Amino acid sequence: AQRVTQPEKLLSVFKGAPVELKCNYSYSGSPELFWYVQYSRQRLQLLLRHISRESIKGFTADLNKGETSFHLKKPFAQEEDSAMYYCALLIRNQGGKLIFGQGTELSVKP
Amino acid sequence: DSGVTQTPKHLITATGQRVTLRCSPRSGDLSVYWYQQSLDQGLQFLIQYYNGEERAKGNILERFSAQQFPDLHSELNLSSLELGDSALYFCASSNGGGISNTGELFFGEGSRLTVL
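Sequences listed follow chains W and F, in order. Letter by letter, the first sequence follows residues 17 to 126 in this note's numbering. Letter by letter, the second sequence follows residues 151 to 266 in this note's numbering.
Only chain W is shown next, with the shape it has when bound in the complex:
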């Protein structure tokens, strides 16, 4: 079965501390993973995709096929990073649907 799991509902850190939002997936095919973010009063939007191997707003995520994980990391959290973060898996052979984890709320305290 295809599944995305984000074990933490809420992650609270202080400004300047490192952040790691966990994401694990279950998928028999070749995984394509994404992180989406929803800031307060804004729409859900793409943050980054694993295939691009990019750093966006200081965030990076590495796909680890052995551990079936795609954790989102940032070395120094900022208050403006406070938001809801969703990990997502693209299932191409089923119409290209995107399935999401349950989300992790990141709260960065001053």
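FYI, nobody ran anything at the bench for these hints, they're computed from the structure. None of these values were measured; they are calculated from a predicted model. Any given hint might turn out to be false.
To be verified - Across the chosen pairs, the derived CB separations fall in these ranges:
{"hint": "1", "chain 1": "W", "residue 1": "ASN109", "chain 2": "F", "residue 2": "GLY178", "range": "18 to 26 Å"}
{"hint": "2", "chain 1": "F", "residue 1": "LEU233", "chain 2": "W", "residue 2": "GLN58", "range": "37 to 45 Å"}
{"hint": "3", "chain 1": "F", "residue 1": "GLY166", "chain 2": "W", "residue 2": "ARG108", "range": "37 to 45 Å"}
{"hint": "4", "chain 1": "W", "residue 1": "GLY82", "chain 2": "F", "residue 2": "PHE219", "range": "25 to 33 Å"}
{"hint": "5", "chain 1": "W", "residue 1": "GLU83", "chain 2": "F", "residue 2": "GLU204", "range": "40 to 48 Å"}
{"hint": "6", "chain 1": "W", "residue 1": "THR84", "chain 2": "F", "residue 2": "HIS223", "range": "20 to 28 Å"}
{"hint": "7", "chain 1": "F", "residue 1": "ASN227", "chain 2": "W", "residue 2": "PRO91", "range": "44 to 52 Å"}
{"hint": "8", "chain 1": "F", "residue 1": "GLY166", "chain 2": "W", "residue 2": "GLY82", "range": "49 to 57 Å"}
{"hint": "9", "chain 1": "W", "residue 1": "SER42", "chain 2": "F", "residue 2": "GLY178", "range": "27 to 35 Å"}
{"hint": "10", "chain 1": "F", "residue 1": "THR163", "chain 2": "W", "residue 2": "GLU36", "range": "26 to 34 Å"}
{"hint": "11", "chain 1": "F", "residue 1": "GLN191", "chain 2": "W", "residue 2": "SER56", "range": "15 to 23 Å"}
{"hint": "12", "chain 1": "F", "residue 1": "PHE219", "chain 2": "W", "residue 2": "ILE72", "range": "30 to 38 Å"}
{"hint": "13", "chain 1": "W", "residue 1": "GLU121", "chain 2": "F", "residue 2": "HIS160", "range": "18 to 26 Å"}
{"hint": "14", "chain 1": "W", "residue 1": "SER46", "chain 2": "F", "residue 2": "SER188", "range": "28 to 36 Å"}
Where a beta carbon is used, it is the ideal one built from N, C-alpha and C, also for glycine.
Let chain W serve as the given structure and place chain F on it in line with the hints.
For chain F alone, coordinates are given in the frame of chain W:
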């Protein structure tokens, strides 16, 4: 605004009723996706349409149905509503569908449905 638009923003109705949620995709986008977000379930994929045809189905109840019209807007119909159907329903669009899907979806602001 050429982004994804959803109407209505808020809807309150009673159990047993039927409602229709409407979504207009971004200009040029051919795929429309519907998601349900409830407090304990996160974002649940319901259904996807590409250029008028159903492409993928998720955990969509038989009481729910959707379609995409020739002008590419989509409607999600929810019938015989139950208390548990109360949720935020998101529509998203993308240019591609199937193997051409880049994985980048553009979301609307959602329609909040409350069933009393």
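Hint-by-hint comparison with the structure:
no.	hint	result
1	W:ASN109 - F:GLY178: 18 to 26 Å	holds (25 Å)
2	F:LEU233 - W:GLN58: 37 to 45 Å	violated (29 Å)
3	F:GLY166 - W:ARG108: 37 to 45 Å	holds (39 Å)
4	W:GLY82 - F:PHE219: 25 to 33 Å	violated (45 Å)
5	W:GLU83 - F:GLU204: 40 to 48 Å	violated (35 Å)
6	W:THR84 - F:HIS223: 20 to 28 Å	violated (38 Å)
7	F:ASN227 - W:PRO91: 44 to 52 Å	holds (47 Å)
8	F:GLY166 - W:GLY82: 49 to 57 Å	holds (50 Å)
9	W:SER42 - F:GLY178: 27 to 35 Å	holds (34 Å)
10	F:THR163 - W:GLU36: 26 to 34 Å	violated (42 Å)
11	F:GLN191 - W:SER56: 15 to 23 Å	holds (21 Å)
12	F:PHE219 - W:ILE72: 30 to 38 Å	holds (35 Å)
13	W:GLU121 - F:HIS160: 18 to 26 Å	holds (23 Å)
14	W:SER46 - F:SER188: 28 to 36 Å	holds (31 Å)
Hints 2, 4, 5, 6, 10 from the list above are not met by this structure, while the remaining hints are.
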